[in-house]
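There are 2 protein chains.
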Amino acid sequence: MARVVAAFNRVTPTLVDRLRDAVGAERVLIDDESLELHASDETEDLVFRPEVVVVPASADAIARVMRLATEFRVPVTPRGAGTGLSGGALPVHGGIVLSTRDLNRILEVDRENLMAVVEPGVITQVFQETVERAGLFYPVDPASRGSCFLGGNLAECSGGPRAVKYGVTKDFVTGVEAVLPDGTLMHHGGKLLKNVTGYNLTQLIVGSEGTLAIVTKIYFRLLPLPRHRMMLLAPFDSLEDPARAVPAIMHAGIVPSVLEFMERDAVEITERHLGKSFPHAEAAAHLMIELDGNDEGVVQRDAERVAEIVLEHHAKDVLVADTDAKMGELWSMRRAFGAAVKSESVYKEEDTVVPRNQLVALLTGVKQIAARHGLRTVCYGHAGDGNLHVNILKMDMSEERWNTALEPAIREIFELTVGLGGLISGEHGIGYVQKNYMPIAFSAPELALMRAIKRAFDPLGILNPGKMFP
Amino acid sequence: MARVVAAFNRVTPTLVDRLRDAVGAERVLIDDESLELHASDETEDLVFRPEVVVVPASADAIARVMRLATEFRVPVTPRGAGTGLSGGALPVHGGIVLSTRDLNRILEVDRENLMAVVEPGVITQVFQETVERAGLFYPVDPASRGSCFLGGNLAECSGGPRAVKYGVTKDFVTGVEAVLPDGTLMHHGGKLLKNVTGYNLTQLIVGSEGTLAIVTKIYFRLLPLPRHRMMLLAPFDSLEDPARAVPAIMHAGIVPSVLEFMERDAVEITERHLGKSFPHAEAAAHLMIELDGNDEGVVQRDAERVAEIVLEHHAKDVLVADTDAKMGELWSMRRAFGAAVKSESVYKEEDTVVPRNQLVALLTGVKQIAARHGLRTVCYGHAGDGNLHVNILKMDMSEERWNTALEPAIREIFELTVGLGGLISGEHGIGYVQKNYMPIAFSAPELALMRAIKRAFDPLGILNPGKMFP
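Sequence lines, in order, name chains S and F.
One point on numbering: in our numbering, the residue at position 261 of the first sequence is 261, and numbering is uninterrupted.
With positions in the second sequence counted from 1, the corresponding number in our numbering is that position plus 470.
No wet-lab data here; the hints were simulated from the structure.
Treat the hints with caution; some may be incorrect.
[Said to hold, decoys possible] Below, in silico cross-link-like pairs of lysine-lysine (DSSO-like), each with a Cα-Cα straight-line distance of 30 Å or less:
id: 1; chain 1: S; residue 1: 367; chain 2: S; residue 2: 342
id: 2; chain 1: S; residue 1: 326; chain 2: S; residue 2: 276
id: 3; chain 1: F; residue 1: 905; chain 2: S; residue 2: 435
id: 4; chain 1: F; residue 1: 905; chain 2: S; residue 2: 217
Chain S extracted, bound-state conformation:
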């Protein structure tokens, strides 16, 4: 089967002129600073410089850019806020970076249908807070919510801590408007909870990492905002006990809205990074558990039952946060983990996901693999949905040893993950940095099928090339 065509042209002065005509001269950036700014995202220390950056202000303008890219056979890398962790926004083949930052309107918050319609450049937290003011709830809550865009969340199918009860981005997107690689504007779905009219293009585009289409409008379903929320923090002396407590909680018929796991190193690094202290920082691991609901009594009762269960699993203590201030403090700590690890050392983060009752096996296995390769790992993540972020830290290891040890260790970790019924990315995406590991997760015919779908959308292979496939 033929591969996606990948013979690209360079950006010429003619193309730059045509782009200026298409979107307005001030929206075409070729100065050094702009190119530099769009050369990296939050993925490790990778840098790929685009040849030109365009910042269209409408879906039509995006369509015009894609028609030009098609005509000139120049690659286009769509970019949201650049907070991605798998290199999805990196222009690895140069060409055009297309920023969606100026499509940033919340078009509608519809209380009767519990729906919202937004453009892709809206910051996730801005959206969350806007719908909350209308008594509504958008539960998807990536750690970067203060700066990431909803369009990027859609492209990566962002998850975050509330997936255990509420699901991930895909579970809230009911429709899209998008520009196809050839410049065609397409619609699918809408303010609809049910829709079986044709193939589910919406769900195919969600999580496709900007390789199939550029989303220009998103329909989200929303929930009524739960009226009560409460948080528990349980320190443990081992890694295994908290991991075992997780399925026990689900077993009791309680689905917490958050069930986070963090090992000591993650807490310590973050304490150092923020200059704050965390209760029971000396514990081997913590579970952070949030319960929510409309009835205060029920939330309270569930919290008591969860406290009993974690104590049965040898929690050293159960701390309660029941005010917005106390919960906010725990959250700001939790959300800083990524940045803290980043500031500690050169690192590589793997976004493993397994069935939640395999978390003990995954954790134990990761530690054994890392030890065998002389690597230090710091693990934290979403225990409720089996999504464990494994950070491998270089620390003072020599470049040579780091480069030799890393790849085989990652490969072993992914093989372990897949062996446990899991996969190699839960919420960060494959992008540029994980693409060579895809054959661990998929057979050759499965990958060929995905490539064929890519070709169905993008026969010239100009949209976000060099991503997802080995």
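Put chain F on the given structure of chain S with help from the hints.
Using the frame of chain S, we list chain F on its own:
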């Protein structure tokens, strides 16, 4: 762009022999009775006779059948229980009907992960009852649950009354094993709440009506079984009042687990069909509302608030069903609507879906369109998610007038639906009977994209041809 290849061969004696070798002689049926049995489903009065029926007992056997179909270029129509309402299981080009009825095991109910793994031939109700015995809940509840298969539910993305709170089939499928048209066995997903490893093939296959792959194993997520349930029945003197009450209930921050709408004719026809009587059968319309949750007091309080809201919207009464027996009676009535309509007259059912607050506009418009064409309609459906089943009844109309009036009336109804932000099928699928209306919902490039996806899976076009596309 090239169309899907559709030059098929007939089933030859050689192919029949090869099929016998592939799946066992007793699993290849060519007797008249078997062919007749597999010539129709629950879709109107359509009959298409297959040339041969195969009943494989494993995924490998299905793969062997598909390899033979590929070699002989013979079309294959997968079939579950044959309860579909859009003709998805009809072999409109003859060839092979492939029944999944003997892949009927519940492989696992996993309480720690709140997941189940099943084969496609499991009856939906059997699955529901099995997981309920483990304290778990599979909320998708098509009216045909007593006979339909989970594989068919997946193929059509079945919905049912609980979508308003819990979602539809796609919201519960976290992974599949499937046979591709060329006989390749593929996997995607698993017991995972988060997974962004490659394109979301699972969600593409769900709702693809057996045109992309034959599913041989399904991973479902489950919920803890809510401990309390209560039902309200509210009769109204108009069609508009109940439709207006629906968004008002959502507005109050209450999401009922069921919010069904039924107009008088649906109730009357069903009373006649079942020989039973329904309270307030003379009312112009009813809302049937179910509330569920773990706390009896909360369910009770929500029910009281909902009762207030419907009374504010001029309900004539609010009847409460709070025992399993009373609720069971209402459900058996509700589930009989389809069969009752069928027994009443030749009919055509449209499965319209709009944003829920457009229900009044849809209902009013449908009645006006039908009146203009001299047609009688009986409407009922899932008001909570805007999914209205519009049954057009022939009654004693002449064949000629029926045939003349029907098509333009349907077209107008679908145009209205799309104009209200809706689409032409909410849960029954496009299949054979709605395919010519697809251009009302999609532009030519959108349809071309869907066809290209079809080709990516099925370059020879042998899997369930003649469906979904005009």
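Cross-check of the supplied hints:
Taken as a hint, the residue 367 of chain S and residue 342 of chain S pair is honoured in the structure, with Cα atoms around 20 Å apart against an allowance of 30 Å. Between residue 326 of chain S and residue 276 of chain S the CA atoms are separated by roughly 14 Å; this keeps the pair inside 30 Å, and the hint holds. A C-alpha spacing of about 38 Å is found between residue 905 of chain F and residue 435 of chain S, which places the hinted pair above 30 Å, so the restraint is violated. Under the criterion of a C-alpha separation no larger than 30 Å, the hint pairing residue 905 of chain F with residue 217 of chain S is consistent with the structure, at around 27 Å.
Against the hints set out earlier in the document, a violation occurs for number 3 only.
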